[in-house]
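As you go down the protein sequences, you meet chains P and S in turn.
Residue numbers for the first sequence, in my numbering: 2 to 255.
Residue numbers for the second sequence, in my numbering: 612 to 951.
Hints were generated in silico from the structure; no laboratory data involved.
Small disclaimer: the values here were computed from a predicted structure and weren't measured.
Built from N, CA and C at the ideal position, the CB exists for glycine as well.
One thing to keep in mind: the hints can contain errors.
Claimed, not checked - Computed cross-link-like contacts, DSBU-like style, restricted to lysine-lysine with a CA-CA straight-line distance of at most 35 angstroms:
#1 Lys167/P - Lys795/S
#2 Lys175/P - Lys716/S
#3 Lys149/P - Lys740/S
What the hints assert, rightly or not - Some but not every residue of chain P turned toward chain S, in silico, with C-beta under 10 angstroms:
#4 Lys152
#5 Ala155
#6 Asp158
#7 Gly173
#8 Asp188
#9 Ser191
#10 Ala194
#11 Gln224
Claimed, not checked - Listed next, with one range per pair, are the computed distances between beta-carbon atoms:
#12 Arg793/S - Phe70/P: 53 to 63 angstroms
#13 Ser640/S - Cys142/P: 19 to 29 angstroms
#14 Gly763/S - Cys142/P: 34 to 44 angstroms
#15 Tyr66/P - Leu897/S: 36 to 46 angstroms
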Amino acid sequence: MSFDPQHPAQATSAFANYKTLFSDGLFSKAIKNTAVYTASCLGIIIPLSLCMAYLFSQMINKVKYTSSFILLLPGLFPPIVLAILFMNVFHGRTGLLNQVFIMPFGGKPVNWMSHPDYILSAMVIQSVWRWTGFITLFLLCGLESIPKSVKEAATIDGASKFQIFKSIEIPGIKHLIIFCAAFLFIDTFSLFAGSFTLLGPSGGTANAGLLMVNYAYKFTRFQEYNLASTVCVSMLPILMVLTGLFCLRRRKQA
Amino acid sequence: MSKVRFSGISKIYDGGVKAVDNLDLEIESGEMIVLVGPSGCGKTTTLRLLAGLEELTAGEIYINDRDVSCEPPQKRNLGMVFQNYALYPHKTIYQNLAFGLKVRKVKAAEIKRLIDEVSVKLNIKELYKRYPGEISGGQKQRVALGRALLRGSDLILFDEPLSNLDASLRMKLRLEIAELHREKKFTGIFVTHDQTEATALGDRIAVMNEGKICQLATPQELYEFPADTFVASFIGSPAMNLLSEKESKELYSQFSTEKDSAKTVGFRPESISLESGTQAFKAQVLQSELQGADWLVYGKVDDFNFCCRSKCEISSGEVLDFYVDSAKLHFFDSTGKRLK
Numbered sequence: 002m003s004f005d006p007q008h009p010a011q012a013t014s015a016f017a018n019y020k021t022l023f024s025d026g027l028f029s030k031a032i033k034n035t036a037v038y039t040a041s042c043l044g045i046i047i048p049l050s051l052c053m054a055y056l057f058s059q060m061i062n063k064v065k066y067t068s069s070f071i072l073l074l075p076g077l078f079p080p081i082v083l084a085i086l087f088m089n090v091f092h093g094r095t096g097l098l099n100q101v102f103i104m105p106f107g108g109k110p111v112n113w114m115s116h117p118d119y120i121l122s123a124m125v126i127q128s129v130w131r132w133t134g135f136i137t138l139f140l141l142c143g144l145e146s147i148p149k150s151v152k153e154a155a156t157i158d159g160a161s162k163f164q165i166f167k168s169i170e171i172p173g174i175k176h177l178i179i180f181c182a183a184f185l186f187i188d189t190f191s192l193f194a195g196s197f198t199l200l201g202p203s204g205g206t207a208n209a210g211l212l213m214v215n216y217a218y219k220f221t222r223f224q225e226y227n228l229a230s231t232v233c234v235s236m237l238p239i240l241m242v243l244t245g246l247f248c249l250r251r252r253k254q255a
Numbered sequence: 612m613s614k615v616r617f618s619g620i621s622k623i624y625d626g627g628v629k630a631v632d633n634l635d636l637e638i639e640s641g642e643m644i645v646l647v648g649p650s651g652c653g654k655t656t657t658l659r660l661l662a663g664l665e666e667l668t669a670g671e672i673y674i675n676d677r678d679v680s681c682e683p684p685q686k687r688n689l690g691m692v693f694q695n696y697a698l699y700p701h702k703t704i705y706q707n708l709a710f711g712l713k714v715r716k717v718k719a720a721e722i723k724r725l726i727d728e729v730s731v732k733l734n735i736k737e738l739y740k741r742y743p744g745e746i747s748g749g750q751k752q753r754v755a756l757g758r759a760l761l762r763g764s765d766l767i768l769f770d771e772p773l774s775n776l777d778a779s780l781r782m783k784l785r786l787e788i789a790e791l792h793r794e795k796k797f798t799g800i801f802v803t804h805d806q807t808e809a810t811a812l813g814d815r816i817a818v819m820n821e822g823k824i825c826q827l828a829t830p831q832e833l834y835e836f837p838a839d840t841f842v843a844s845f846i847g848s849p850a851m852n853l854l855s856e857k858e859s860k861e862l863y864s865q866f867s868t869e870k871d872s873a874k875t876v877g878f879r880p881e882s883i884s885l886e887s888g889t890q891a892f893k894a895q896v897l898q899s900e901l902q903g904a905d906w907l908v909y910g911k912v913d914d915f916n917f918c919c920r921s922k923c924e925i926s927s928g929e930v931l932d933f934y935v936d937s938a939k940l941h942f943f944d945s946t947g948k949r950l951k
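With the rest of the complex left out, here is chain P (with noise of 0.2 angstroms):
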């Protein structure tokens, strides 16, 4: 479909809606967005779930358990029902950011949904909130998985707190890092649903929170199929290249 001309007058190339699509200034900006909000999203999420993780580790079982199990909870809820909920998070005036982190401490209320500048932040604090806990939760289970005993050895050889975590339980976790950031990329590149809720189709104030799925639904509304399929089918060499190299990456390791 995507080789079909959406127009007929474009009848000359089979590429004809790569060509439209490529001098679509909008095209590079969801491009440029997606890669942004994965990059943010990855960046903060694994690194944050592994501190808390390493964190639960450290507590009592009974305490640990119960806390993980809580921290679960934000993934298991359906991407749409957590953008309404985060409506009334991110609004300009009454939402819960600015009256509790922005306003008590003297700062000016931020439209984190309409201001250009900040509507990508929102939408990575949204992915941060939802899977944060989901991830800490697999690593700690990893992080469980190492035997008490390599770890008594570590302690054994002198090595510090922070230099087992980091020498011994990291390296030991690998596996399961490279699977929750190809999970996590994976989700966080295709996301329509949770944009869709809370910036609408627009993609936002100038485009600022488009990604590439909403960008393809765009078309949609239109009738433009074949360039909506055009953008879908872009989609995937990038995400078929990245998800390759986790993989190779998880090769090597073995």
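Model the placement of chain S on the given structure of chain P, informed by the hints.
Relative to the frame of chain P, chain S by itself:
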């Protein structure tokens, strides 16, 4: 050189289980001491207390007259070999050996030199690039031994290091450890539940039961003068025959005439002869079992089951004269303590 002193140490776990109970022990430098006992007797806990992997409930531990009771394991400066090897799975053998040195900021060239020296001795040099998952159990334990030696301490703890190996390998590594000890003169504390390992390796052996040391002595003393019935039945294979009144009144009164206060009489399977001796008794043979050079013969008098060695097979059901030398009898009082 490292000396170790336990002074009244106790360990009570959260559930109220008393693993180690007011234990005193002094270990001379350069000595190999073996803690032996049945599972759950507190021997491993004692070792872990010394390593700092468990917290003391009471008492103090001194290494070279320095109180280390509250110090973390990192600061106690000792090497340890674990039962399940505890190698770092994602590191190569070389990195495994180098980790402790790296942590202590030893220069790379020096690390290489030290590791090469130890690896040649332990015959693990060709394993450098392999991962722990790719080598055999015996090789793993050699690497773990190397890691403990590289810790740069002359105090090395062994936590049942040979239990996971098969019999022939166990014997081989046991000899290697003994040789290493002779050569390097480190102070060793070796925990095992295998009494043959204990008698083969230990300069002195501490037999433990229920968190206490029953007897601390050289292997020979333990064998010849067990302090109580527990040690008597634990050291020696097969175990010492212990006879009390309730098993065979007649036989008991025959043996116990020499010591009035005795409640239990013991004699080793090796002390029973089929030819001559000062005390004779008749017993029925239950069965015989070939054990390499000689046979183990199981016999019975009333309710008293005993075991002895014989040069030839004896068919079950036969009634024979057995002889015991009175000089080789052990006497224990009502609490199980040895009578002088």
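*How does the Cβ-Cβ distance of Ser640/S and Cys142/P compare with 19 to 29 angstroms: does it lie in that range?*
Given range 19 to 29 angstroms: violated, Cβ gap about 45 angstroms.
*Range hint 34 to 44 angstroms (beta carbons of Gly763/S and Cys142/P) holds or violated*: Hint holds: Cβ distance 36 angstroms, inside 34 to 44 angstroms.
*Under 10 angstroms, Cβ to Cβ, is where Ser191/P needs to be relative to chain S, so tell me if that hint holds or is violated.*
Check failed: Cβ of Ser191/P comes no nearer than 32 angstroms to chain S, outside 10 angstroms.
*Restraint status (C-alpha distance of Lys149/P to Lys740/S at most 35 angstroms)*: Status holds; Cα separation ~25 angstroms.
*Hinted pair Lys167/P and Lys795/S, Cα distance within 35 angstroms*: holds (33 angstroms)
*Do the numbers back the hint for Lys152/P, that is, is its least Cβ distance to chain S under 10 angstroms?*
holds (9 angstroms)
*Does Gln224/P meet its interface restraint, that is, does its C-beta lie within less than 10 angstroms of any C-beta in chain S?*
violated (54 angstroms)
_Hint validation: Ala155/P versus chain S, beta carbon distance must be below 10 angstroms. Holds or violated?_
holds (7 angstroms)
*Restraint satisfaction for Gly173/P [CB to CB of chain S, less than 10 angstroms]*: holds (6 angstroms)
*Should the hint that Asp188/P touches chain S count as held when the rule is a Cβ pair under 10 angstroms?*
Violated - the Cβ of Asp188/P stays beyond 10 angstroms from chain S, reaching only about 27 angstroms at its closest.
*With a cut-off of 10 angstroms, does the beta carbon of Ala194/P approach a beta carbon of chain S closely enough for the hint to hold?*
Hint violated; Ala194/P Cβ to chain S Cβ min 38 angstroms, cut 10 angstroms.
*asked:* Can you verify the interface hint for Asp158/P: is its Cβ closer than 10 angstroms to any Cβ in chain S?
replied: holds (3 angstroms)
Violation of the numbered hints given earlier is confined to hints 8, 9, 10, 11, 13, 15; the remaining hints are satisfied by the structure.
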